[in-house]
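*Asks:* Note that the protein sequences, when read in sequence, are chains A and B. Heads up, the final residue of the first sequence is numbered 70 in this note's numbering, and it's a clean run with no missing numbers. Heads up, the final residue of the second sequence is numbered 1045 in this note's numbering, and it's a clean run with no missing numbers.
Treat the hints as calculated values from the structure; they're not laboratory data. The structure displayed is predicted, hence computed values, not measured ones. Please note that the accuracy of each hint is not assured.
[Stated by the list, open to error] Calculated from the model, a selection of chain B residues having no Cβ within reach of chain A, i.e. all distances over 12 angstroms:
| id | residue |
| --- | --- |
| 1 | 580 |
| 2 | 790 |
| 3 | 963 |
| 4 | 970 |
[Claimed, not checked] DSS-like mimics (lysine-lysine), calculated; alpha carbons at most 30 angstroms apart, straight line:
| id | chain 1 | residue 1 | chain 2 | residue 2 |
| --- | --- | --- | --- | --- |
| 5 | B | 794 | B | 848 |
| 6 | A | 26 | A | 14 |
| 7 | A | -15 | A | 11 |
| 8 | B | 896 | B | 952 |
| 9 | B | 773 | B | 848 |
| 10 | B | 952 | A | 15 |
| 11 | A | -15 | B | 952 |
| 12 | A | 17 | B | 952 |
| 13 | B | 829 | A | 26 |
| 14 | B | 922 | A | 11 |
| 15 | B | 922 | B | 896 |
| 16 | A | 14 | B | 922 |
| 17 | B | 922 | A | 17 |
| 18 | A | 14 | B | 794 |
| 19 | A | 7 | A | 52 |
| 20 | A | 4 | B | 794 |
| 21 | A | 14 | B | 952 |
| 22 | A | 14 | A | -14 |
| 23 | A | 61 | A | 17 |
[To be verified] So the derived label-pair ranges between C-beta atoms look like this:
| id | chain 1 | residue 1 | chain 2 | residue 2 | range |
| --- | --- | --- | --- | --- | --- |
| 24 | A | 34 | B | 937 | 23 to 31 angstroms |
| 25 | A | 47 | B | 962 | 29 to 37 angstroms |
| 26 | A | 34 | B | 962 | 16 to 24 angstroms |
Note that CB positions come from ideal geometry on N, CA and C, so glycine has one too.
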Amino acid sequence: MKTKKLLARLAGFLNADQTAQRKELKSIRKVLKKLKAKERDLTTKLEETPPGDEYEEISQKLQVIYAQRRKGIERVREIKGRNKEQPSP
Amino acid sequence: MLRFWRQAPLPLLLLILSYGFWISPDFKEIAAGVALFLFGMLSLEKGFKSFTGGALEQVLRTCTNRLWKSIAFGITSTTLMQSSTLVSLVTISFVSAEMITLAAGIGVIMGANLGTTTGAWLIAGLGLRVDIAGYAMPALVIGVILLLQRSKILQGIGYATLGVGFLFLGIHYMKEGFEAFQGAFDLSGYVIPGVLGVLLYTGIGMLITVIMQSSHATLLVIITALATGQISYDSALALAIGANLGSAITTAIGGMTANLGGKRLAIAHVLFNVMTAAVAITFIGQMAWAVDYLGALMGLADDEYLLKLALFHTLFNLLGVILLAPFTGVLERALLKHVNFAPKSREKPLYLYPGALETPAAAISALRKEVGHLYDNAHDLIAHGVSLRRSVIDSDQSLVDAVKNTRRIIPLDVDDLYEARIKSLHSDIVAFISEIQGRELSQQSVEQLYVLQQASRDIVEAVKATKHLQKNLSRHGVSGNPLIRERYDTIRLQIAKVLREIRQLRSQDPETVTSLSLDALKLSVNKSGRSFTADLNALIRGRRLSSSIATSMMNDENYAFEICSNLIEASHALLLPPTRAEQSAEDQLALDEQDIARMAGGNSNPRTRTHTDEDEKTAG
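Turn these sequences into a full structure, and let the hints steer you where they fit.
*Replies:* Here it is in structure tokens:
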């Protein structure tokens, strides 16, 4: 991620209140849960599929889900870390 | 049975025509005349369309932006060309091509009716008769020469010239065909006194004009009959009214091939002539007196019927213009309101009803469903565009096999389908969005509206790209050369995969589905495009494909990319979760274009969508 983008996001969070952050956390977790379920389905499907075009396609979908989940987890960590730094009133 | 009757008219018509051709050579000539005439109208319209937005349109608009100007334009052009039919038909083409407004067209038609009376003066005063039908052949030759030129403007002029040539050639054949009936005009046999006589002679005058395709020729018949004492002076006046009415029939035939604007003008012409004739018939006595009075003032002798007839012709057309010109605006509004030939198959919106505008939330929900409806229509059209049945896309059947086993490319008029099933719905969606925007909305609603409007636009773009792709697909899609066939199969397969994947995502439970699944599809499209290009380059390097067909393939792959990317973008809007927080969460996790380009195995430069070229039919 570009530094500029990260800094902009950070600045946004410094101004956002904790309720909004909690709400965001909840939403991200919900999406992560959906992705996890999808990942599980695809892994099962991959095991049943013989090598070939379909196998490649499923692997590709899994790669995308890994990348998206990685982004999500990073984001969750980021928010949690920020919450620890800012003691609740 | 119902299907039989729906498909019956064309074979039935061909059968009747064949029978007619077999039994009557005159019928053959008349039918050929009508066909050439209609073809002339189509050429004329096509020619003038190429001037749309250019200098000619500017000049025409300036010449017709006031009622008096358009009437004067009609008078001048008809006086110069000596054919109100030609001026009326060209005006229909102008209105059809939206180069001038309907009101301006009505003004020109009024002027043409007045201008045509100068012909009577020329015949009566100078014995001169201009027969521009003689120019048909040179017009055809010049038209074809211009058509073969590279310049679009010259080609446009070529089409217009060719149109004029065919119009006159058609009129010539109609006249030739009707010659057999001309002997039947023994006008002395219909002498009936009173109003009935006037009406009868008006009808006869109309009939002769339709048959002879010239009100000037009818005028000559009337004068001859008057000179030989076959008819009375009063009957001659009624015949002249009929001649005027008859000239509108030719315009009405011409209007048949025109679009809605042209049809409206043809109706206006018929209405104008019928009303003028009605007024003239009602006051025929008074008008005859006025002709005598003015004739005396001009120094005409009592038996100078020729000039008196010309005077009558001018007077009653002038009366028509004076009486009806103030109502041009009313006539235009009435025609716009009542004359609508919307095709029956025009797709109607399913969810956009006035009640949905009550609250922003209800309106946005209805709009989302309607964009979904538009997407479904586009899905069907695109599936057919790549020659796959919808049932195949919606099933679990192997797409690779379905594409490989395609024996023929489904013939499809994408333009027509676009007009009937996509454009109309898109217009309704845009109109509905404008309605919502007129109300008070939250920032979130404004954003949602924007996203849905953009989705609707993306769907339209996908269909436009399909139109371009389909053209080459029908040429090379099932090519005998396996190298070409395989490449086109790859293109079709990619589109089919996107259609199926999106269909599956849209049919899933909204609680479990996420728009993030579209990222995998984006990656697949990106990878497929890269491998297609690499593959194609290798074939060109190895001289296994000619560069011209390879260029077509590259363009077509680009159209396929447009279709897939636009469909993915549109479905992204349809799959977005309901709350803003969830939308934002999905946006944060989504892969950006650089991520996708990197994962596709190339540099991080994303491949961007370029909008397809607009053309005359699918534009807007």
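*Asks:* Which hint numbers doesn't this structure obey?
*Replies:* When the structure is compared with the hints, none of them turns out to be violated.
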